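Colleague: Residue strings, one per chain:
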Amino acid sequence: MSITEVSPRAAGRSQERERIVNDFSIQVATVNGSGSQTANLVLMRSIFQMGVPVSGKNLFPSNIQGLPTWFTIRASKYGYIGRKKEIDFLVAMNPETVREDVESLEAGAAVLYDEPLGADRFRSDLHFYPVPFDKLVAPVCPQPKLRKLVRNMIYDGALAWLLGIDLEEIRKALFKQFGPRKAKAAELNWGAVLAGAEYAEKHLTKTDPYRIERMDRTRGKIIIDGNTATALGAIFAGVTVVTWYPITPSSSLVESMMGYLKRYRTDPETGKATYAVLQAEDELAAIGMVIGAGWAGARAMTATAGPGISLMSEFVGLGYYAEIPAVIVDVQRVGPSTGLPTRTQQGDILSCAVLSHGDTKHPLLIPASPEECFTMMEEAFNLAEEFQTPVFVMTDLDLGMNSWMADPFPYSERPLRRGKVLTAEDLERLGGFARYRDADGTGVGWRTLPGTPHPAAAYFTRGSGHNELAQYSERPADYINNVDRLARKFESIRRAVPRPEVLIDDAASVGLIAYGTSKYATEESRDQLATEYGLRSSYLRLRAYPFTEELVDFLERHARVYVIEQNRDAQMMALMRMDLAPELAAKLRSVRYYGGLPIDARSITDEIVLQEGL
Amino acid sequence: MSTATAPPPKAPNLNRIGLEVSSYKGGKTTLCAGCGHNAISQRIIECFFEMGIPPWQVAKLSGIGCSSKSPAYFLSQAHGFNGVHGRASATATGAILANRHLITMVVTGDGDTASIGLGNFMHMLRRNVPCIYVIENNGVYGLTKGQFSATADIGSTLKTGETNELPPIDCCLLGIEMGASLVARSFSGDKNQVGAVLKAAIAHRGMSVIDIISPCTTFNDHDGSTKSYAYMKDHDAPLHAVDFVPYFEEIDIEMEAGEVREVVLHDGSRLRLRKLDRDYDPTDKLAAVRAIHDSYARGEVLTGILYIESARKTLIDHLNLVDEPLATLPESKARPGRAALEEIMEELR
Ligand SMILES: Cc1ncc(C[n+]2csc(CCOP(=O)(O)OP(=O)(O)O)c2C)c(N)n1
Ligand code: SF4
Ligand SMILES: [Mg+2]
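Each protein sequence line maps, in turn, to chains A and B.
Whatever position you read off the first sequence (first residue = 1), add 72 for my numbering.
Whatever position you read off the second sequence (first residue = 1), add 113 for my numbering.
For the record, the hints were derived by calculation from the structure and aren't laboratory data.
Treat the hints loosely; a few may be bogus.
Unchecked claim - Now the in silico label distances, taken between C-beta atoms and shown as ranges:
no., chain 1, residue 1, chain 2, residue 2, range
1, A, LEU383, B, ARG425, 29 to 39 Å
2, A, VAL493, B, ASP390, 50 to 60 Å
3, A, LYS256, B, THR396, 29 to 39 Å
4, B, GLU413, A, ARG560, 39 to 49 Å
5, A, GLU500, B, THR257, 35 to 45 Å
6, B, ARG129, A, GLU341, 29 to 39 Å
7, B, GLU444, A, GLU175, 39 to 49 Å
8, A, GLU500, B, ASP394, 48 to 58 Å
9, A, LYS256, B, ASP394, 53 to 63 Å
To be verified - Straight-line C-alpha distance at most 16 Å; calculated EDC-like pairs for lysine to aspartate or glutamate:
no., chain 1, residue 1, chain 2, residue 2
10, B, LYS446, A, ASP339
11, A, LYS433, B, GLU460
12, A, LYS293, B, ASP430
13, B, LYS446, A, ASP197
14, A, LYS278, A, ASP197
15, A, LYS334, B, GLU456
16, A, LYS244, B, ASP430
17, A, LYS244, B, GLU460
18, A, LYS248, B, GLU437
19, A, LYS344, B, ASP430
20, A, LYS149, B, ASP407
21, A, LYS256, B, GLU455
All of these numbers come straight from a predicted model, not from anything done at the bench.
Note that beta-carbon positions come from the ideal geometry of N, C-alpha and C, so glycine has one too.
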């Protein structure tokens, strides 16, 4: 909740009596391809540099140029970085959407707009700030061709003055964004920022309550998108083979990986690559290569989204039965390809958990933050190799493609866990091995890698039609023995996956369960429920499937448990129902948001209030 | 593996690395008697034995089909992977990325390669993935009981009397066009030619496509089939007599100028292509394509080394991979140090 203070400066002016500091959202409405991204990121970063917790979300269409796009920045002194449903400050730049953008605001919101759009025609209960962008850009950018790109920086300057953002911070953020090699371009853009700020100072009168003031809640933190964090996680976890097929929202994961691999994984002695990145012809090939590479011993991964997951289905089943390590990152989005491919969803939970035909099931790791994207990649590779099975890392478009404030990533000193692999020396000592015999009660057998120089090293890999010695068999007893061992292996995986984050409120009879990016809105909703409705709640954030004992414990403790997720069919709840005892499953309630935008706290609060009858 | 310790009555026939041919054998075949695929397995056993390649250096990958089962019937001391239908191209590519020192062999069918896996096959060609890619081509789907495959010739019939009206896909033409650096066709019944071509593929660095007509005795060996033993006996038109001289053998035969074309392979072995009725230059891409089309017009099946480009860059060259296998790269090379992470974090602050 915002703190309301009386501003001494504005005494007597009713509109300014209230000052809302570091707790509001800004939405920039522009046209796709108009180059507004730089201005938006600079604005976000400058608030971050002021020490104010901030998040930035890009709501973009499946289009390269011309369709409307919105960028939302939320500043929150409380550290709430989920999407805020209400927009407090609109920057209206798009003639196509200006009417809708203005009409959807709540009374008292502020609008900075391109003067010719006449945004003030539509409402009388908002604070309006007209700025003549075209008039201002001409003198600072003599080349007409560049004006379109530079023009957007003007709103950064005007907003800096209106909101009280230190211009020096804008300058710093701008030069960081452009980097030392593009200092000239940065200088040109800086001219536009100054023009905007000067115009605002001369011609605008601040009437709205929104302000940014310095705090100290971002010191040491970084700004990063989840895809880059996942890419870095893989690199520091020793990935060696990456195969992929471009698809939004996963492409930028592999693209950023390529840059970092080149920098940090080129062998200094030979100048050669200690990794292979291959753009495959389709997702069938991408996962096939990962399975082939995993079979031959490499730490191999692919990254994709829903449509790619569908194509990978057959191979993932083979990987499960033939027991081959693989890591698949699914940056989830709304499906299908002609669905809303640039909008977010947690829509592949159920299909990934049981992807393929037959009795298949797969571990899912579910990061909620860039830090977890980073650390869970190491975890995913370790699990895949230890348990010789495909492992999914389930992020989503919101986490993957948006900019997040994060703690710097921890450097892992732990040795990689590469699983049960016999060398030629081991074989010399042992005389031989049974590929598919449970070695130690975990359900996992020893394997060997192709190329191991020993006559006893080889075994023949095929789906599930084999006995413990990897010999061809269609005997029912061999098949049952094999798949029962796979089921035992899944129980071992249950003990090894990341545990949920649990916050128990002893006074609460209601529990909230979230996972992935639903974390932020859920945490904020808990506060709303407590302060606005007096409803206390416990909280559990799932970080993996299969579910662990903490989930059972959580359900036992609470009368009603709300599972909050971003899909229509309550997919995670359905998985829980499959796993849990009926009396526990009966306690589950569902809260879902599936409009394609990141879930927001207010939607959760309203739904729980309704279901609780408050 | 158990090796006999009792001294054998006769000195065993050992290859140059001291192994018996039994070290190259596989499990007992479950394919039909007379199936062309079995003969090819025999040739593979002989070739690796004669070349003196340690079997554990080989990785055998396949898709799904009778042909794709055959890796179980040769080289049991090599890792084998019977994967999913049509995608051995992908698993093999992955295996090679993981360990560039594997001698990777794909054995697959015409259904596998020319239908379900065609797209992936084309891209494997284009990448010139270092791999011996054998297509056991019988013009039908054996394992699903005899439907036409996409390599069936126009006018060929099934046992049921059904006639194929659609043009065949020629995997050799695709290989030449798309970038395979060794392309050959042969017939499972021609022991010498299959053997020489396979050895050339072992000695070659790059992708070798070997399309071997391999009759399916159960579903496609009747009159009206163009992939039967009888049809091949009448229509096999060898381009040349193929001799393979391994790098570790003295060259003992004098060459007669104009009669023999010699191609030096990557490992120093030599291919000697002895002229039959016409001269043929297997390094001339356009001539190769023309020769294949001419053979169609004559109703012949052209066999031999159709095309070779010894120096073409492979996928490994394009990726500029380190020499050691990525699979077993030490952690010190596979994980950047703490300073690298700190540097990256600083840039993101
Ligand atoms: C995805 C998928 N579709 C269909 C099949 C059934 N299937 C098994 S083998 C085969 C055709 C094999 O033909 P080919 O590759 O020519 O091998 P052959 O048996 O003739 O040697 C088919 C269609 C399958 N295994 N997987
Ligand atoms: S069905 Fe045909 S291809 Fe299959 S094993 Fe029998 S003969 Fe060979
Ligand atoms: Mg066939």
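Colleague: Confirm or reject each hint.
Modeller: For each hint, the structure was consulted:
Distance hint check for LEU383 (chain A) and ARG425 (chain B): the Cβ-Cβ separation is about 30 Å, which falls inside the suggested range of 29 to 39 Å. At roughly 55 Å, the beta carbons of VAL493 (chain A) and ASP390 (chain B) sit within the given window of 50 to 60 Å. At about 52 Å, the beta-carbon gap between LYS256 (chain A) and THR396 (chain B) misses the expected band of 29 to 39 Å. About 59 Å separates the C-beta atoms of GLU413 (chain B) and ARG560 (chain A), a value inconsistent with the hinted range of 39 to 49 Å.
The hint said 35 to 45 Å for the Cβ distance between GLU500 (chain A) and THR257 (chain B), and at roughly 43 Å that hint holds. The beta-carbon spacing between ARG129 (chain B) and GLU341 (chain A), approximately 34 Å, falls within the hinted interval of 29 to 39 Å. In this structure the hint that GLU444 (chain B) and GLU175 (chain A) lie 39 to 49 Å apart at CB is violated, the actual value being about 58 Å. Between GLU500 (chain A) and ASP394 (chain B) the Cβ separation comes to about 50 Å, which falls inside the hinted range of 48 to 58 Å.
Distance hint for LYS256 (chain A) and ASP394 (chain B): a CB-CB separation of about 57 Å, consistent with the stated range 53 to 63 Å. Straight-line distance between C-alpha atoms of LYS446 (chain B) and ASP339 (chain A) comes to about 7 Å, which keeps the hinted pair within the 16 Å bound. At roughly 40 Å between alpha-carbon atoms, LYS433 (chain A) and GLU460 (chain B) are farther apart than 16 Å, so this suggested pair is violated. Of the supplied pair hints, the one linking LYS293 (chain A) and ASP430 (chain B) is violated, its CA atoms being roughly 41 Å apart against a limit of 16 Å.
For a cut-off of 16 Å, the pair hint linking LYS446 (chain B) to ASP197 (chain A) is broken: about 63 Å separates their Cα positions. With a CA separation close to 15 Å, the supplied pair LYS278 (chain A) and ASP197 (chain A) stays within the 16 Å bound. For the hint linking LYS334 (chain A) to GLU456 (chain B), the alpha-carbon distance of about 15 Å falls within 16 Å, and the restraint holds. Of the supplied pair hints, the one linking LYS244 (chain A) and ASP430 (chain B) is violated, its CA atoms being roughly 43 Å apart against a limit of 16 Å.
For the hint pairing LYS244 (chain A) with GLU460 (chain B), the CA-to-CA distance comes to about 13 Å; that is within 16 Å, so the pair holds. A hinted pair counts as satisfied when its Cα atoms are at most 16 Å apart, and LYS248 (chain A) with GLU437 (chain B) does not qualify at roughly 39 Å. Between LYS344 (chain A) and ASP430 (chain B) the alpha-carbon distance is near 10 Å, which keeps this suggested pair within the 16 Å criterion. This hinted pair does not check out: LYS149 (chain A) and ASP407 (chain B) have alpha carbons roughly 79 Å apart, beyond 16 Å.
Between the alpha carbons of LYS256 (chain A) and GLU455 (chain B) the distance comes to roughly 28 Å, so the proposed pair goes past 16 Å and is violated.
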